[in-house]
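Visitor: Take a look at the letters that make up each chain.
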Amino acid sequence: MSEEKQQVSRRQFLNYTLTGVGGFMAAGLLISPIRMAIDPVLKPSSVGDYANVGLAVEDITTEPTRVDWKIDQVDGWYESEVSKAAWVFKNEDDEIMALSPTCTHLGCVVSWEGSEKYPNEFFCPCHDGRYYKDGTNIEGTPPTRPLDRFEHKVENGMLYLGNAQERGGA
Amino acid sequence: MLQKIYDWIDERVDITPIWRDIADHEVPEHVNPAHHFSAFVYCFGGLTFFVVVIQILSGMFLTMYYVPDIENAWKSVYYLQTEVAHGQIVRGMHHWGASVVIVMLLLHTLRVFFQGAYKKPRELNWMVGVLLFFVMLGLGFTGYLLPWDNKAYFATQVGLEIAEQVPFIGEYLKTLLAGDAEIVGAQTLTRFFAIHVFFLPGALFALMAVHFILIRRQGISGPL
Amino acid sequence: MHKGKGMKFVGDSRVSAERKSNIPKDYSEYPGRTEAFWPNFLLKEWLAGSVFLVGFLLLTLAHPSPLEGVADPTDAAYIPLPDWYFLFLYELLKYEFAAGPYVIFGILIIPGLAFGALLLAPFLDNGPGRRPHQRPIAVIMMLLALTSVIWLTYTSAAHVDWETRAEQNKPIPPSSVEIDTSHEGYASYESNCMTCHGGELEGTPAGVPLIGTEYSAEEIATIAREGIGGMPADQFTGSDEELEQLVDFIISTNEQ
Numbered sequence: 004m005s006e007e008k009q010q011v012s013r014r015q016f017l018n019y020t021l022t023g024v025g026g027f028m029a030a031g032l033l034i035s036p037i038r039m040a041i042d043p044v045l046k047p048s049s050v051g052d053y054a055n056v057g058l059a060v061e062d063i064t065t066e067p068t069r070v071d072w073k074i075d076q077v078d079g080w081y082e083s084e085v086s087k088a089a090w091v092f093k094n095e096d097d098e099i100m101a102l103s104p105t106c107t108h109l110g111c112v113v114s115w116e117g118s119e120k121y122p123n124e125f126f127c128p129c130h131d132g133r134y135y136k137d138g139t140n141i142e143g144t145p146p147t148r149p150l151d152r153f154e155h156k157v158e159n160g161m162l163y164l165g166n167a168q169e170r171g172g173a
Numbered sequence: 062m063l064q065k066i067y068d069w070i071d072e073r074v075d076i077t078p079i080w081r082d083i084a085d086h087e088v089p090e091h092v093n094p095a096h097h098f099s100a101f102v103y104c105f106g107g108l109t110f111f112v113v114v115i116q117i118l119s120g121m122f123l124t125m126y127y128v129p130d131i132e133n134a135w136k137s138v139y140y141l142q143t144e145v146a147h148g149q150i151v152r153g154m155h156h157w158g159a160s161v162v163i164v165m166l167l168l169h170t171l172r173v174f175f176q177g178a179y180k181k182p183r184e185l186n187w188m189v190g191v192l193l194f195f196v197m198l199g200l201g202f203t204g205y206l207l208p209w210d211n212k213a214y215f216a217t218q219v220g221l222e223i224a225e226q227v228p229f230i231g232e233y234l235k236t237l238l239a240g241d242a243e244i245v246g247a248q249t250l251t252r253f254f255a256i257h258v259f260f261l262p263g264a265l266f267a268l269m270a271v272h273f274i275l276i277r278r279q280g281i282s283g284p285l
Numbered sequence: 006m007h008k009g010k011g012m013k014f015v016g017d018s019r020v021s022a023e024r025k026s027n028i029p030k031d032y033s034e035y036p037g038r039t040e041a042f043w044p045n046f047l048l049k050e051w052l053a054g055s056v057f058l059v060g061f062l063l064l065t066l067a068h069p070s071p072l073e074g075v076a077d078p079t080d081a082a083y084i085p086l087p088d089w090y091f092l093f094l095y096e097l098l099k100y101e102f103a104a105g106p107y108v109i110f111g112i113l114i115i116p117g118l119a120f121g122a123l124l125l126a127p128f129l130d131n132g133p134g135r136r137p138h139q140r141p142i143a144v145i146m147m148l149l150a151l152t153s154v155i156w157l158t159y160t161s162a163a164h165v166d167w168e169t170r171a172e173q174n175k176p177i178p179p180s181s182v183e184i185d186t187s188h189e190g191y192a193s194y195e196s197n198c199m200t201c202h203g204g205e206l207e208g209t210p211a212g213v214p215l216i217g218t219e220y221s222a223e224e225i226a227t228i229a230r231e232g233i234g235g236m237p238a239d240q241f242t243g244s245d246e247e248l249e250q251l252v253d254f255i256i257s258t259n260e261q
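Chains as they are written, first to last, in the working numbering: chain A, 4 to 173; chain B, 62 to 285; chain C, 6 to 261.
Note that these hints are calculated values from the structure, not bench results.
Incorrect hints may have been included.
[Unchecked claim] Think about it this way: if two alpha-carbon atoms lie no more than 27 Å apart in a straight line, the pair counts; the simulated DSSO-like pairs of lysine-lysine are:
hint	chain 1	residue 1	chain 2	residue 2
1	A	LYS136	A	LYS73
2	B	LYS136	A	LYS73
3	B	LYS65	C	LYS99
4	A	LYS46	A	LYS87
5	B	LYS65	C	LYS25
[Unchecked claim] Chain B stretches covered by chain C per the calculated footprint, using a threshold of three residues with CB under 8 Å from any CB of chain C:
hint	region
6	86-94
7	259-273
Backbone N, C-alpha and C fix where the C-beta goes; we use that ideal spot for every residue, glycine too.
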């Protein structure tokens, strides 16, 4: 009886050691692959540089105009030119506003006075989403937050745009 | 807790017999290096399997970054090696594992051969083993085209020329492997990728299953 | 175990309601010092596996896997070599009896016979004895085959200068420098050096990269005149002034 008991505890001990050794092997095997797999999460996201969009500040009016520019995007081993667009105008405080044309509802492209029914508003044709001139979404239409706003700076009288920043919901 | 989960599953699917079947088999004295040190020669088979596991794991992770396309294959491997943390180590595991597995296979084959362990009733398992050896060489051959570097390109070209010189079917064989009668290029790379990642591993798993089942059926060969 | 009529199942399934005990077999009745696979022997196996794994990981850390330059089908100077485990086949095809009109021997008959014999070994060597001295023919054939494979691999690998080869085929980092073609030394570079050292100083099979060179300005000037290593003398044929401009061009490109 006592021998039987000892037999069991010895087996348990072996089982625990086996689990430990197995865990060590699994860890040794997997540590590098897993570190490699999660690398994109741990990499600092590349801060978008400001790009010259080819628009002189003095040409900016209070009427939103669409500007298109291209940036070099590096995606891992793949480098490409990506087109970007913004609606640029000066608001009442004479401040430059550059709004992203991507609708915050489902990502269609909005345009200024895109519908004759709604003058002085941004309009999204997909689901009739509407925004005021400052980009704030109009309640009762599908979008739930204002249009994203690009960071901007002015150098030598030219407009430079950076990343689009999300703004709080209305 | 664990015991309860086990019992819950066992009641429904009756896994105890399966588990006992895996865990319960005797290891005779003559293959146990703890009793006779010379029995370490019996380790080569297990080590081969271990390296195969390393190859499967590292290969699965490598395909997260690799593209089988002549424009991007080399770039993606270069990116993986230079920009991704531990990318070089994972590729190193796959690269060196490919060599080590051949060494281990060779040692295992020689052990079985010189012990005459392939004799009746184990003829079938020996043949399955030799087929596994061929599959492994095929994996090596298709694997080194994938980085699409100079070594890959020119060595594959030589390999395909050799295939072409086989009488009667040579031309067809080459076209079948390369995807094109003349060019070693985009279509060759995707073909080799498919063979390396799907076809040969499929064959490898099936043959390994047969190999292991036969070992358990027949037991390990007795002492000389 | 209960069989036939009266067997009880779990619900309407075909899983027996009778639980079997999950108790390992007892091996004390077995001959010799037989032990259980799980967990006794597996633990030893995994301990050996851990040691092996550590060694293997150290190997991968010490020797990063090589990657040569991107495939360039027009690179006529490249000498292809397969991986080491195919070298014996590669070397075999160099012999007269396995090449030219007899190539079929090299690619099909000899390897076919060897591998075919390996595959069918249990039927060719079908006597009852397992000890090597009881089956001398099989053992001698295997030793011969093994020796020739090792010999072929060795001869093939022996006259390859692996280090130079690895050095020559190193990939060029794609982020190469910008070449200032308006530099006054560029014309000299173009006419004297470019064929071997490449349009962007990146090197070719005929000449080392000049990017990342460790030589000083004076040394570069001397090398351009007198050559070094595999580079013959008198590659540069201009005046001293042009030489100075050329050196300045190489140095300034490197400083970028």
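Visitor: Looking back at the numbered hints, which does the structure fail to meet, lowest number first?
Guide: Failing hints, ascending: 3, 7.
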